[in-house]
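Enquirer: Take a look at the letters that make up each chain.
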Amino acid sequence: MKKHSLRKTDPPPASRSAQRNIFQQLAAVPHAFWTVLFIAAPMLFVLYFAFTDGNGNFSFSNITDLGQYTNVFILSIAFALIATAICLIIGYPLAYFMSRQSQRAQKILMVLIMLPMWCNLLIRTYALMALLDNGGLLNSLLKNLGLEPLPIVGSYFGVILGMVYDFLPYMVLPIFTAMTKLDYRYIEASHDLGCNGLQTMTRVVMPLTLSGVVSGVTMVFVPSISTFYISQKLGAGKIDLVGDTIERLFQNVSTYNVGAAMSLVMMILILISLTIMNKFSDEEGGMVP
Amino acid sequence: MEKEILISLRGVSKAFDGETILDNISLDIHDKEFVTLLGPSGCGKTTTLRIIGGFETADSGEVFFDGKEISHVPPYRRLVNTVFQKYALFPHLNVYENVAFGLRLKKTPEEEIRVKVQEMLTMVNLKGFERRRVTTLSGGQQQRVAIARALVNHPRVLLLDEPLGALDLKLRKDMQSELKKIQRATGITFIYVTHDQEEALSMSDVVVVMSGGHIQQIGSPVDIYNEPINAFVADFIGESNIVDGFMPADKKVRFSGHTFECMDGGFEKNEPVDVVIRPEDVDVVPADKGMLTGVVSSVTFKGDYYEIIVDVDGFKWMLETSDYAAPDTTIGLYIEPEAIHVMKKSEFSGQFGDYSSFSDELEHLSDLEEEEEE
Chain A
1 MKKHSLRKTD PPPASRSAQR NIFQQLAAVP HAFWTVLFIA APMLFVLYFA
51 FTDGNGNFSF SNITDLGQYT NVFILSIAFA LIATAICLII GYPLAYFMSR
101 QSQRAQKILM VLIMLPMWCN LLIRTYALMA LLDNGGLLNS LLKNLGLEPL
151 PIVGSYFGVI LGMVYDFLPY MVLPIFTAMT KLDYRYIEAS HDLGCNGLQT
201 MTRVVMPLTL SGVVSGVTMV FVPSISTFYI SQKLGAGKID LVGDTIERLF
251 QNVSTYNVGA AMSLVMMILI LISLTIMNKF SDEEGGMVP
Chain B
1 MEKEILISLR GVSKAFDGET ILDNISLDIH DKEFVTLLGP SGCGKTTTLR
51 IIGGFETADS GEVFFDGKEI SHVPPYRRLV NTVFQKYALF PHLNVYENVA
101 FGLRLKKTPE EEIRVKVQEM LTMVNLKGFE RRRVTTLSGG QQQRVAIARA
151 LVNHPRVLLL DEPLGALDLK LRKDMQSELK KIQRATGITF IYVTHDQEEA
201 LSMSDVVVVM SGGHIQQIGS PVDIYNEPIN AFVADFIGES NIVDGFMPAD
251 KKVRFSGHTF ECMDGGFEKN EPVDVVIRPE DVDVVPADKG MLTGVVSSVT
301 FKGDYYEIIV DVDGFKWMLE TSDYAAPDTT IGLYIEPEAI HVMKKSEFSG
351 QFGDYSSFSD ELEHLSDLEE EEEE
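If you read the sequences in order, they're chains A and B.
Residue numbers for the first sequence, in the working numbering: 1 to 289.
Residue numbers for the second sequence, in the working numbering: 1 to 374.
FYI, nobody ran anything at the bench for these hints, they're computed from the structure.
C-beta: ideal position from N, C-alpha, C; glycine also.
If a hint is listed, it holds; no wrong ones were tucked in.
Quick list of the computed label-pair ranges, beta carbon to beta carbon:
no.	chain 1	residue 1	chain 2	residue 2	range
1	A	Y156	B	R132	47 to 55 Å
2	B	E198	A	L26	51 to 59 Å
3	A	M277	B	L79	41 to 49 Å
4	B	L79	A	I268	52 to 60 Å
5	B	S41	A	K107	23 to 31 Å
6	A	C119	B	L79	49 to 57 Å
7	A	C119	B	S41	44 to 52 Å
8	B	S138	A	N196	29 to 37 Å
9	B	R132	A	M110	33 to 41 Å
10	A	M277	B	E111	33 to 41 Å
11	A	N196	B	D168	36 to 44 Å
Full structure from sequences and hints, please.
Expert: Below, the structure is given as structure tokens:
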């Protein structure tokens, strides 16, 4: 009797979950719309331009033409790798240091790290240029001291410095998050089992914060390899990276298709590096539980 | 059998943020013993353990290990290993690598590691679990891995910080006897921290009862139970009726309007004392045959005995007896001289041992609270 009445009032589980599904799907509509309009469609355009010539005929020539830009690709990859490595070397110990401070100090340090991110990337890069330029603050100071000015702007060093300066917070924050999630008991357990400070670092802290490192490396490497603004400003136009080349190619209608091909290749490069990074974190099992 | 002293704490004090946790503690721990630090949460038992392990440094006082001062020796140089509360197994390593962790640091040859790890996993009944991720194990299995990981290093002392707290009752009982067996088999000194008095009594050679940063009593489980030193210990270890009384003469104690024969002496004439009588030591007799009489206020069937709360002139006693007595009837209480334990008055006098506000439900709730705090 009771069962019967229950069946009458409550909708069967199947239809309830169906309703929920419809609701869930509806909730995704705005995002789906956005994705199609602003991500999928432009990608298709890139694909289309990459594999057609100026008259809209199918062609591989754009891809084969990219051979002349091999050096640009190599330089871009090298710059991004170096900048990422420097960010990691500076960022990892910094994040560790931050995570060992008191709650209050952690908050202050977080704000200090985040502060530059509230300012637009372009403005920050300009500011850095103003500091390092020939007539900039640093070199004026050097000149007043009777020293030779440092030609940082326009050098490889300047561009890498710009990348590190702009993207360092993106390395520090995910590693810091992973560090704060790291239970202090693991560190005590490692001391208990015979690890000194360094061994605790390499055998416990690093493996358990690898997920943060993977996010940090990804978040620095991807913008570094595709930047054009930093190299334009801090390279003083003398250093051409993939981003600069693509920008230039797209500014001229006749090289539109080569630009699309170059964009495509770079996307594939980034995709490959992301896959490698994810694989790396899976194998080491460094995911924080 | 006198065993040599392995660990010795001398006048150890510790405060956190100005709050005293340990107040001038001195304690000797003998080799090959199973020692339990027992007390309610906040009594300082875990802090004591962490000072022995090297995870905390005492504000004052010394810690000796095998006769040497070790107060400032870091944990990784102490011949001590720990089974942590909630285990702290390394989530990035599998069972085998967790157990092998300490051996690898000592650069043990791979073949020897394999043999020792297998030996340990066999001992804790986890053979065949080598390649499992520790996060896929049940609480009891993780517990065993934690024990194996600590014992594989052959420490002189194993520290266990409420290691069974997260397990259910049945598993906890099994692990208790297993731990005791392992301790006997390996001959390693165990220092065990718990707030569960039953656990402490059933496993330990020596129980150290702590409260408020002080050691209240050190002794064998039987001594602690039969000869509690003050009202706190009497109440914390098992159930106790604690009554105000005085000693008119040696082997005579007067309480509840009656003078009883007892076994204790050495008090001043008419010195006020606390008298402890365990609930199971009171015989229920007809009212006219009793030394005391009282009115039954509640009876609870507990399986192998009845728990009776009886009102004797306004003071409520707890009795555990196999004789049923109906509520609101008047019964007599008969107490053998051996059942009466007389204690000196202490700071805890009057705080414990009256069952006026007692209910099983409240008791259970306060246990739960305690577990949450830990």
